[in-house]
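Visitor: Sequence:
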Amino acid sequence: LDFTSPGWFSELAFPAPGSWADPTTQFLLYFDEAIWAGDAPVEVVRISPDGSRTVRSAIVSFPGTQGGTMGMLLVDAGRLDVGAEYELAFAPGSLRDMAGNFAGDSGVLFGSGGYRVKVSAGVVAYSPQQGATSVSRHSSITLEFDSPVVRGSGSAQLCSGWRPGNPCSSSLTLGDEEIFVLGQRIIISPSSPLMPGQEYNFSISEGFVSYFQGLLPSSVTGAWDYSFTVAAPQVVTDSPPELITSRVDCSAAASSLRGLCREELGLGELGATPLPLGSKLKLYFTEPVSRVGGTSVTELRPVGDSPLVATSVAISAGSGAQSRVATLEPSLVPGQLYLLDLPSGVLLGPPPLQAAFPGTTVRVYRPLAAPQSMLHGAVDVARTATIDITFEQLPQLVAPTGTFTLEAAGGSEPKRVVSLADSSQVLVQNQTIFIMPRPALSAGVSYTLRLPVAAVQFMPVEFSMTFTTRAEDQRRPAVLRSSPSGLCSGLSLNSVAPSVLFSEGVAAVAGKHIFFRNGQLVQYAIAAADDACGTGGTAADACVVLDATRTKVSFYPLGKTANGSYAAPWASTGGVYEVEIEEGAFTDQLRPGSDKNGALAARFSFSVSPDDKGPVIVEGSPARNSLLLSSAVPIVDLMFDEPVYAGDNSVAIEAWDHVGDSPPSLLAGDELGPGWGGRAALRWCVPSHSLL
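One point on numbering: in the UniProt record's numbering, the residue at position 26 of the sequence shown is 26, and numbering is uninterrupted.
In short, the hints are calculated from the structure, not lab data.
Where a beta carbon is used, it is the ideal one built from N, C-alpha and C, also for glycine.
Treat the hints with caution; some may be incorrect.
Claimed, not checked - Each pair of labels, with its calculated beta carbon distance range:
id, residue 1, residue 2, range
1, Thr327, Glu462, 29 to 37 Å
2, Asp2, Val82, 51 to 59 Å
3, Asp39, Ala254, 43 to 51 Å
Unchecked claim - EDC-like mimics (lysine to aspartate or glutamate), calculated; alpha carbons at most 20 Å apart, straight line:
id, residue 1, residue 2
4, Lys512, Asp541
5, Lys596, Glu619
6, Lys280, Asp249
7, Lys512, Glu578
8, Lys512, Glu462
9, Lys280, Glu144
10, Lys282, Asp238
11, Lys282, Glu144
12, Lys596, Glu583
13, Lys282, Glu299
14, Lys280, Glu206
15, Lys282, Asp380
16, Lys282, Glu329
17, Lys280, Asp380
18, Lys512, Glu582
19, Lys280, Glu299
20, Lys280, Glu264
21, Lys596, Asp380
22, Lys282, Asp305
23, Lys282, Asp341
24, Lys280, Asp341
25, Lys596, Glu578
26, Lys415, Glu462
27, Lys282, Asp225
28, Lys415, Glu392
29, Lys280, Glu269
30, Lys280, Asp305
31, Lys596, Glu462
32, Lys512, Glu580
33, Lys512, Asp531
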């Protein structure tokens, strides 16, 4: 009877364990008896420089099994990636002999490392180029590999002499501070200038970077794969310093933010570069650079429709080995895209000529921090609740593709996929996205809401939250936000209706009121259920308006303007207002048979600044001193810094030379509303050929 497990001969394995292998290598093992496949897999595992492991698909065959006294295992994983290590792993149960005895696993036979081979990375480009002459004595040396590399424990040397048996007889050993390992590049930045007229070879020992065999002379004759010659002392170059690469330095970023860092530029949204808080932008040059007179004339400009203004960013250049590195640490508003502009002439090359770097521009942004929600983890949420998702800055929705999903636990309801552009369910106010699910949620159900990365611009990770609705709604609607607040301009406030935002959809209740107190006196009393807005500008025209979501409620003390777009002027300058909403004025009963909980009383206050300054013209069209030569009837517009209204005197254009008897006539004085910052326009019809 056969009770012996099949064993394999490590000395016959190809490639040899621990050796350097060719990318086209197939693994071949010899066993002491015929073998067959068992139930467990035989795998080829790729081990990356960062230690991560990936199983590669492989074809396993047993070419020596049929009729042979020796079993053969052949594993073909296709072309292997360079700059990595591979392990052939077979677990107990993956291989057996004819009697059913299983082979031991590879880890037991070879310790924790198993059966591994390495595939070397290769250098695909040098700078200066191989054999280059007249190289600047201030130059750095760049090696570009065919795969990402990680700094190891070996050494690197600049060699300038050769002797039999000592190919690097005169050498400069490079310190860690002179070596920058950046993805697939290694930049050597010597602390001291190179010797004029000297030929240099470059020596890298095995282990200097991960999975690289090294860079050594090809034979004892002293032939090198790479060498260059420094320019003679009398040769002076006038070339500006070249930018080798730009990278993001995440070493100073908080550990929780480092996962958001991308060292290479342009890997973020819109082809821009994310700069999490604490990260820096580093520019690596071929030669030492310095700032012009210690200046920091680097401009950071917001992109798009943004209230932010351009600012300057300090730029620093190091010394010694760091003299070829310039560092920028811009202060960014999260969620805003910027252009970081380094103009020509800010950075200069080494003496004596100090040629100017021509400049560069980089698109950068700071990723948004994870948003928050008051309902996250809540277990007694109303079925008609408004879900809040609050960001640190105003979120920019990615329309029309942005969506959110809402899933009930256990699949008790169909999954909802809702567009963020659906105004019936989504409202964005300031820094918060409010979601009002339609139809309403079910009672006593746990939900998971997911906001994917693609939904909000510059949100780096998916947002997910869970909450549970209560079986019976007993919670009153609550006021989440109120507007206005603080000190307000009277004339700009006059076109705005004060409003509140409830935590869930509400309906108005007859017989209840909203009171506007100016000091101790009630100046306005509005019936909560009165939604008929007049335009006469009297107390009888007052109304209360609920938006489509039924969560935002606006109050119009004197109704609306004639065009129905804005509130009729109602605020008294110098007044101190308190708005009181009676208890029970609004309820969450949106339809017959639904929950009915009245909202608690709510108050909010604000002050109206006195107006002691007349309106000022801020712009006009056509421009001052221009000619109106069109044969058509032209229009003259004046824009003021606040709304204007008719006074006791007339408005006219004084200096005009008209054809006929018709002087310029005032067409309209249109209020442009809050979107124009409280400004207003006057418009005249002017006969042709008038001169202003």
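Visitor: Please name the hints from earlier in the document that this structure breaks, with their numbers sorted from lowest to highest.
Guide: The structure breaks hints 2, 5, 8, 9, 10, 14, 15, 17, 22, 25, 27, 28, 30 and 31; every other hint is satisfied.
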